[in-house]
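Peer 1: If you want the building blocks of each chain, they are given just below.
Number of protein chains: 2
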Amino acid sequence: MDNTMKDGPDIARVANLVGDPARANMLTALMTGSALTASELAAEAGVSLPTASSHLAKLMDGGLLTVASEGRHRYYGLAGPQVAGMIEAIMGVAASLGPRRVRPGPHEKTMREARVCYDHLAGEHAVKMLDGFIAREFLVREGKELSLGKHGAAYFAAIGIDAHDTGKSRRPACRDCLDWSVRRSHLAGRLGAAILDKILAEKWARREKNSRVVTFSPKGKMEFEKTFLS
Amino acid sequence: MDNTMKDGPDIARVANLVGDPARANMLTALMTGSALTASELAAEAGVSLPTASSHLAKLMDGGLLTVASEGRHRYYGLAGPQVAGMIEAIMGVAASLGPRRVRPGPHEKTMREARVCYDHLAGEHAVKMLDGFIAREFLVREGKELSLGKHGAAYFAAIGIDAHDTGKSRRPACRDCLDWSVRRSHLAGRLGAAILDKILAEKWARREKNSRVVTFSPKGKMEFEKTFLS
DNA sequence: ACAATGCTTCGATGGAGATCGAATTATGGA
DNA sequence: TCCATAATTCGATCTCCATCGAAGCATTGT
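Chains as they are written, first to last, in the numbering used here: chain A, 3 to 232; chain B, 3 to 232.
Heads up, some of the hints might be wrong.
Given that identical chains are not distinguished, each listed pair holds provided it fits within a single copy or across any two copies.
Here are the simulated SDA-like cross-link-like pairs (lysine to any residue), alpha carbons at most 20 Å apart as the crow flies [claimed, not checked]: (1) Lys205 / Met224; (2) Lys60 / Leu99; (3) Lys60 / Ala97; (4) Lys205 / Glu115; (5) Lys60 / Ser98; (6) Lys223 / Trp206; (7) Lys60 / Pro23; (8) Lys205 / Ile161; (9) Lys130 / Arg192; (10) Lys205 / Ile163; (11) Lys60 / Gln84; (12) Lys228 / Thr217; (13) Lys60 / Asn18; (14) Lys60 / Asp22; (15) Lys205 / Met62; (16) Lys200 / Lys223; (17) Lys130 / Ser219; (18) Lys130 / Asp199; (19) Lys221 / Leu202; (20) Lys200 / Glu227; (21) Lys152 / Glu115; (22) Lys130 / Gly151.
No wet-lab data here; the hints were simulated from the structure.
Work out the full structure: start from the sequences and follow the hints.
Peer 2: Shown next as structure tokens:
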């Protein structure tokens with residue numbers, strides 16, 4: 003009755019899962035290796051929570067994701083290295099076909115410099131910032147985790163950020179987040195969010211409407227560098 | 003205005019191309035490495051010619067295929083090894099998730115034995131047949147091509163198949179076709195088509211309706227073996 | 001020149017699924 | 001116990017696109 007029977011594994015099924023922009027964004031975000039909650043993935047993908055939940059269910063059903071329930075959070079992660087490898091392969095093809103970007107817009111450049119990644123800052127500025135934090139031992143790497151270094155508490159207190167405000171939440175205080183453009187980590191987690199809050203509150207920069215782009219004012223950029231990079 | 007901007011290569015675009023069943027079947031068929039015509043791919047995918055043409059245009063536009071116009075045929079092939087690698091990666095994931103087959107139906111087994119591949123026979127029987135032809139020098143391999151061996155003309159004439167009917171057409175007389183299940187070649191091309199015609203005309207086997215499955219009758223199977231394998 | 005074959009384009013149709021708001025369930029904290 | 005937050009389920013809408021028939025173009029062969 004049903005004609006479309008093919009030999010070979012059901013490649014269309016899995017490719018179709020990756021083929022939706024929202025799901026692709028989620029998977030890309032998970033390529034960092036760390037698991038994310040449904041809310042975070044919804045923000046990453048730029049869709050509402052119900053929509054994200056639906057997509058996550060499909061990805062789970064398709065076997066591309068695993069989930070770990072922890073409290074009232076559900077941490078979704080890639081099902082394994084094989085899945086990650088597949089996504090890298092797809093990325094490779096997409097990149098080599100690459101400059102075929104649909105949006106060659108002005109965003110491309112500005113996004114590289116500074117953009118929002120869920121609730122924290124990403125892009126070149128953010129990468130430099132994290133590098134500086136580690137160089138000055140405000141933060142230290144512990145394997146794939148980040149934690150407060152010996153000079154960290156004093157520093158963050160001095161600039162008005164409570165780095166200890168994090169103990170109760172299950173959300174990690176600091177996470178690193180690898181973005182595709184720079185190939186380097188930047189600071190995520192509660193601390194990263196707090197820093198972005200400060201940047202916006204001080205009006206050193208503003209978010210472009212309906213975009214992830216973060217634009218610094220000339221003066222704001224100086225303040226930012228003085229505060230975080232000097 | 004448009005919000006869904008993501009960093010990284012446009013993975014969804016290329017995955018979406020592979021995500022359609024018809025296109026996935028085409029790509030799978032092209033994994034043999036040999037280029038196929040639009041008609042052949044339409045048959046492989048189980049769709050009409052216009053539909054196939056539309057898909058091929060999309061795959062071309064997406065950069066996954068190349069095309070070589072040759073006479074009034076257009077031979078479509080994978081754009082390169084990178085694309086093939088990506089498809090293999092997807093196959094790997096799909097297979098490991100594998101026995102999750104949507105159709106666990108009876109087809110699976112019968113398809114392995116004998117099925118139609120465009121216009122010729124595929125499956126275990128077809129593979130054995132080609133093996134026999136080559137062992138008895140009815141056909142010889144020349145690199146990736148097949149051509150008539152020294153005992154071939156007499157043999158095919160004896161069973162009522164004109165193996166020379168092929169000179170004028172540009173379509174290769176014999177091609178080998180690698181199928182996924184058996185991982186071995188079977189006979190395609192004009193000669194392969196003529197043989198399938200004979201099998202059906204003699205009523206040794208019949209095609210299942212709306213399927214690629216070919217079912218041999220008990221007597222027909224004996225005749226088939228006597229004619230082609232003895 | 002004319003017919004035949006391979007392929008593409010056009011136009012119309014139908015169905016699948018992505019999306020969101022609202023309601024529901026589950027968990028944690030006061 | 002009661003509220004707040006995380007996440008899923010439900011229902012409805014709407015857009016996209018796979019599909020095919022018919023017509024159009026291109027190439028080959030007679």
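Peer 1: If a hint holds in the structure, say so; if it doesn't, say that too.
Peer 2: Verification of the supplied hints:
no.: 1; hint: Lys205 / Met224; verdict: within (12 Å within a copy, 85 Å between copies)
no.: 2; hint: Lys60 / Leu99; verdict: between (28 Å within a copy, 14 Å between copies)
no.: 3; hint: Lys60 / Ala97; verdict: between (26 Å within a copy, 18 Å between copies)
no.: 4; hint: Lys205 / Glu115; verdict: within (17 Å within a copy, 71 Å between copies)
no.: 5; hint: Lys60 / Ser98; verdict: between (28 Å within a copy, 17 Å between copies)
no.: 6; hint: Lys223 / Trp206; verdict: within (6 Å within a copy, 81 Å between copies)
no.: 7; hint: Lys60 / Pro23; verdict: both (14 Å within a copy, 17 Å between copies)
no.: 8; hint: Lys205 / Ile161; verdict: within (15 Å within a copy, 87 Å between copies)
no.: 9; hint: Lys130 / Arg192; verdict: within (18 Å within a copy, 65 Å between copies)
no.: 10; hint: Lys205 / Ile163; verdict: within (16 Å within a copy, 84 Å between copies)
no.: 11; hint: Lys60 / Gln84; verdict: within (18 Å within a copy, 28 Å between copies)
no.: 12; hint: Lys228 / Thr217; verdict: within (17 Å within a copy, 79 Å between copies)
no.: 13; hint: Lys60 / Asn18; verdict: both (11 Å within a copy, 15 Å between copies)
no.: 14; hint: Lys60 / Asp22; verdict: both (11 Å within a copy, 16 Å between copies)
no.: 15; hint: Lys205 / Met62; verdict: neither (41 Å within a copy, 47 Å between copies)
no.: 16; hint: Lys200 / Lys223; verdict: within (13 Å within a copy, 79 Å between copies)
no.: 17; hint: Lys130 / Ser219; verdict: within (18 Å within a copy, 73 Å between copies)
no.: 18; hint: Lys130 / Asp199; verdict: within (18 Å within a copy, 70 Å between copies)
no.: 19; hint: Lys221 / Leu202; verdict: within (13 Å within a copy, 82 Å between copies)
no.: 20; hint: Lys200 / Glu227; verdict: within (13 Å within a copy, 81 Å between copies)
no.: 21; hint: Lys152 / Glu115; verdict: neither (29 Å within a copy, 69 Å between copies)
no.: 22; hint: Lys130 / Gly151; verdict: within (17 Å within a copy, 69 Å between copies)
Violated hints for the displayed structure, listed by number in ascending order: 15, 21.
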